[in-house]
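Each protein sequence line maps, in turn, to chains A and B.
Using the numbering used here, the letters of the first sequence map in sequence onto residues 1 to 270.
Using the numbering used here, the letters of the second sequence map in sequence onto residues 271 to 451.
Watch out, some of these pointers could steer you wrong.
Said to hold, decoys possible - Heads up, simulated DSBU-like pairs for lysine-lysine below, C-alpha to C-alpha not over 35 Å straight-line:
#1 A/K67 / B/K322
#2 B/K324 / A/K140
#3 B/K294 / B/K324
#4 B/K324 / A/K202
#5 A/K243 / A/K140
#6 A/K202 / A/K67
#7 B/K294 / B/K322
#8 A/K243 / B/K324
#9 A/K67 / B/K324
#10 A/K202 / A/K140
#11 A/K67 / A/K140
#12 A/K243 / A/K202
No lab work stands behind these hints: they were computed from the structure.
Since this is a predicted model, take the numbers as computed values, not measurements.
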Amino acid sequence: MNEDPKLILGACRPDGADAEDPVFAGALAAAQRDPQLAAWFREAQDFDRAMAGKLREIPVPGNLRAKILAGGRASRPLKWWARPRVWALAALLLGSAIVGGLWMSAGAGLAGWQRHALGVLDAVEAEKVSLDHELPEPEKLVTWLQERSAPVLATLPDALAERRAFGCKTWEWRGLRFSMVCFDLGGSATAHLISTWQGGLKGAPPLGHMRYARVGNWHTATWSEGGLACMLVTDAGDEELRKLLAQGAAGPPPRVASARRAPRDFLPFP
Amino acid sequence: MHDFEQLVDRHYAALYRFGLSLAKNGAEAADLTQETFYLWASRGHQLRDFSKVKSWLFTTLYRAYLSTYRHAKKFPHIELEDAIAELPSVAPSIVADLDGTTVVEALTQVDEIFRIPLTLFYLQDLSYREIAEILEVPIGTVMSRLSRGKAQLRECLLEARGSVAGKVIPLPGVERKGGVA
Numbered sequence: 001m002n003e004d005p006k007l008i009l010g011a012c013r014p015d016g017a018d019a020e021d022p023v024f025a026g027a028l029a030a031a032q033r034d035p036q037l038a039a040w041f042r043e044a045q046d047f048d049r050a051m052a053g054k055l056r057e058i059p060v061p062g063n064l065r066a067k068i069l070a071g072g073r074a075s076r077p078l079k080w081w082a083r084p085r086v087w088a089l090a091a092l093l094l095g096s097a098i099v100g101g102l103w104m105s106a107g108a109g110l111a112g113w114q115r116h117a118l119g120v121l122d123a124v125e126a127e128k129v130s131l132d133h134e135l136p137e138p139e140k141l142v143t144w145l146q147e148r149s150a151p152v153l154a155t156l157p158d159a160l161a162e163r164r165a166f167g168c169k170t171w172e173w174r175g176l177r178f179s180m181v182c183f184d185l186g187g188s189a190t191a192h193l194i195s196t197w198q199g200g201l202k203g204a205p206p207l208g209h210m211r212y213a214r215v216g217n218w219h220t221a222t223w224s225e226g227g228l229a230c231m232l233v234t235d236a237g238d239e240e241l242r243k244l245l246a247q248g249a250a251g252p253p254p255r256v257a258s259a260r261r262a263p264r265d266f267l268p269f270p
Numbered sequence: 271m272h273d274f275e276q277l278v279d280r281h282y283a284a285l286y287r288f289g290l291s292l293a294k295n296g297a298e299a300a301d302l303t304q305e306t307f308y309l310w311a312s313r314g315h316q317l318r319d320f321s322k323v324k325s326w327l328f329t330t331l332y333r334a335y336l337s338t339y340r341h342a343k344k345f346p347h348i349e350l351e352d353a354i355a356e357l358p359s360v361a362p363s364i365v366a367d368l369d370g371t372t373v374v375e376a377l378t379q380v381d382e383i384f385r386i387p388l389t390l391f392y393l394q395d396l397s398y399r400e401i402a403e404i405l406e407v408p409i410g411t412v413m414s415r416l417s418r419g420k421a422q423l424r425e426c427l428l429e430a431r432g433s434v435a436g437k438v439i440p441l442p443g444v445e446r447k448g449g450v451a
């Protein structure tokens, strides 16, 4: 018996989806001429059909769909990213890439959780994911997050606290809970404070070190504090980013508090 | 948003099951699935041909898995013999009689290089051509890996079945070589 038809027919799905594929035509014709091959093919299809059925029986976690769609269940989609701005950003990014190679490769130098968080931010930007709660007062958003035991700075940096907010969001990724508070910096510029618990996290900067990075149009500052890893992201530029982190006149770094986090001692990341 | 929900409803279960076969862990499979849709939400607009969305999603999950598990590189492109692998005889009814967990465990015992195309094949959402695109290997390689994968799977099923000799039904025209199970 020629083995080649078996190799080909073995790739033929048992639900008939490949019936029109010409690649199988020759092998099927061979099966019609060869009773042994035909019997083999019938058995193989029955086996494949049984296996496919078993795979469909694998239960999917009941909350997975809800988690994926969590953002989409917010009251309404945001309107703060007007289409023209998206195009303007695209043009700006392209220009940067052409002119000076200023465009860093996406995620370069960032930890996995940071790249993930920026992906969520991009999803919000694209209006594929909505915020959970929309308010202009930062302190009320912080309270709202704390009431839900979300990781968040209890006291925002002074310069950031003075800005107008427009919403917040929480989500989970790889067993870690995240929060994001979004600020309107005026014009079309925005800033986003993203926080997650330190526990089990890799790639956060050691205590006392502020790590700056740029990914595309996003300028990021990342630091660890009291059990939280925080990342401030803005498209307003590096100078504005540093201003937002200012804590009054040589004040202390942002303090951290949370209902879920008891110790306030600052521990370096593992 | 509505389109996004439809997309999720259509593909998230299959993606989860694919993720499960890769990571062998439900929580990580869920994470991979979530990450895949987040990436779609942020980058999906870059896909010009929406008919390719299914392949895009599976490819993205696969790459996320490779990235997460820090594979030094994708599975090396190994040209296997094209000769059909000898298939241990396992009657389809035996597969049907086994519980889903046992079957899935048998599948996870298959070498990863074969298990990935095999899972995509059994999910029945993707053709061999699409599987080849996702894995970035030639069509012939997909066929070879499916063949080898099925052979391994049958052996694993027989092992899972334990004392199965009495229930093995020899196939007509197929000579069994060696003592499987």
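Do the hints match the structure? See the list:
With a C-alpha separation of about 24 Å, the suggested pairing of A/K67 with B/K322 holds against the 35 Å cut-off. For the proposed pair B/K324 and A/K140, the alpha carbon gap of about 41 Å is over 35 Å, so the pair is violated. With a C-alpha separation of about 22 Å, the suggested pair B/K294 and B/K324 falls inside the 35 Å cut-off, and the hint holds. Pair hint B/K324 plus A/K202 holds up; C-alpha atoms about 32 Å apart against a cutoff of 35 Å.
Under the criterion of a C-alpha separation no larger than 35 Å, the hint pairing A/K243 with A/K140 is consistent with the structure, at around 22 Å. Among the hinted pairs, A/K202 with A/K67 is consistent with the structure: their alpha-carbon atoms are about 23 Å apart, no more than 35 Å. With a C-alpha separation of about 27 Å, the suggested pair B/K294 and B/K322 falls inside the 35 Å cut-off, and the hint holds. With a C-alpha separation of about 44 Å, the suggested pairing of A/K243 with B/K324 is violated against the 35 Å cut-off.
The straight-line distance between the Cα atoms of A/K67 and B/K324 is roughly 20 Å, inside the 35 Å bound, and the hint therefore holds. A threshold of 35 Å between alpha carbons decides the hint, and for A/K202 with A/K140 the separation of about 30 Å falls inside it, so the pair holds. For the given pair, A/K67 sits about 24 Å from A/K140 by alpha-carbon distance, which is consistent with the 35 Å threshold. Our distance criterion of 35 Å between C-alpha atoms is met by A/K243 and A/K202, whose separation comes to about 27 Å.
Going through the hint list in order, the structure does not satisfy hints 2, 8.
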